[in-house]
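Participant: Sequence:
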Amino acid sequence: MEISLTSPNIAIFSFDLTDGEILLIQAAGITDVGLKREGNEDAYLIDDQLWLYIVADGMGGHLAGEVASKVAVELISNTFKKWSQTKAPYEEIFGQPDASLSLEGNYLLSGIRLANRVIHEMAGANEKYQGMGTTVAALAISSSLVVAANVGDSRIYLAREGQLERLSKDHTVVSEQVEMGIMTEAEAANSPLKHVLTKNLGSAEEVYPDVFELEPANNDRYILCTDGLTDLVSDEEILDMIMLVKNPENLCRDFVDLVLKRGGHDNTTVISVFLSGIEEKKDGVLKKTGTMAADIWFGLRKGLRKIKP
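For the sequence shown, the positions run 2 to 310 when our numbering is used.
Derived from the structure by calculation, the hints contain no laboratory data. Take the hints with a grain of salt, since some may be wrong.
[As the list claims (entries may be wrong)] Taking lysine-lysine pairs in the DSSO-like style, the calculated list, with each CA pair at most 27 Å apart, reads:
| id | residue 1 | residue 2 |
| --- | --- | --- |
| 1 | K262 | K37 |
| 2 | K195 | K37 |
| 3 | K83 | K71 |
| 4 | K195 | K71 |
Turn these sequences into a full structure, and let the hints steer you where they fit.
Facilitator: Listed below in structure tokens is the structure:
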């Protein structure tokens with residue numbers, strides 16, 4: 002397992018499916034401080050044993066944001082590993098389980114909620130960590146299930162059959178206003194409130210992540226990223242680059258290069274995950290629910306929708 006704050010990495014691994022097929026997973030990640038920031042408060046993880054991928058974007062002064070993002074990544078990965086390896090029953094995981102989710106989905110959900118509690122208590126116990134928090138976006142993959150979870154505005158994308166879908170929900174003031182019809186997408190993109198979060202890890206004692214479960218499909222492409230990417234690169238451009246670049250490491254580097262060409266005002270972290278080798282036709286139907294479940298359900302059933310910026 003590797004946790005990186007400063008350098009790119011790539012992992013390529015495979016495992017046998019029950020019918021003799023081989024699922025090949027290629028994953029790469031990169032983080033960059035950008036051109037305006039002195040330090041990097043992002044963190045990410047690629048775990049080639051758990052098939053777990055996490056990005057986090059920390060916030061707070063005096064290096065508190067860097068601490069928060071690293072704590073989140075480490076706690077989520079460690080608890081997910083512990084519970085997965087022991088097949089822990091619901092009563093052994095943190096917090097109230099969600100009956101609509103799989104066991105793996107609950108492991109990821111509970112790990113995020115535990116990380117939130119720890120960061121919240123750290124912020125309350127130490128003055129230098131006051132106001133500390135972080136976003137998180139996490140993806141866990143198995144031969145039959147993909148679990149995506151997020152808190153904040155770090156995103157998870159799925160590119161499938163030439164179309165793009167978000168598997169995450171932005172927990173921001175402007176996102177809520179767009180949902181309520183108060184603001185248009187174009188207005189939200191230029192709003193001074195676009196980075197004001199309604200949820201993050203650390204600001205409250207409890208947090209409720211959005212968690213989605215779906216079947217993997219051949220040639221799926223997943224992107225996890227912090228807002229350093231999405232502030233400067235549109236969803237349409239993200240899809241175009243995914244379709245053009247066939248190597249996950251090159252894709253991550255190309256994303257960061259584009260961000261830097263456009264000013265690089267924030268830290269940027271990107272993980273690319275490519276799946277192949279799934280011969281059986283799978284429709285990728287969403288299996289469980291979240292607050293965006295209906296949108297994703299219809300998108301996956303009728304062909305993924307290309308999202309407007």
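Participant: Any of the earlier hints contradicted here, and which numbers?
Facilitator: none
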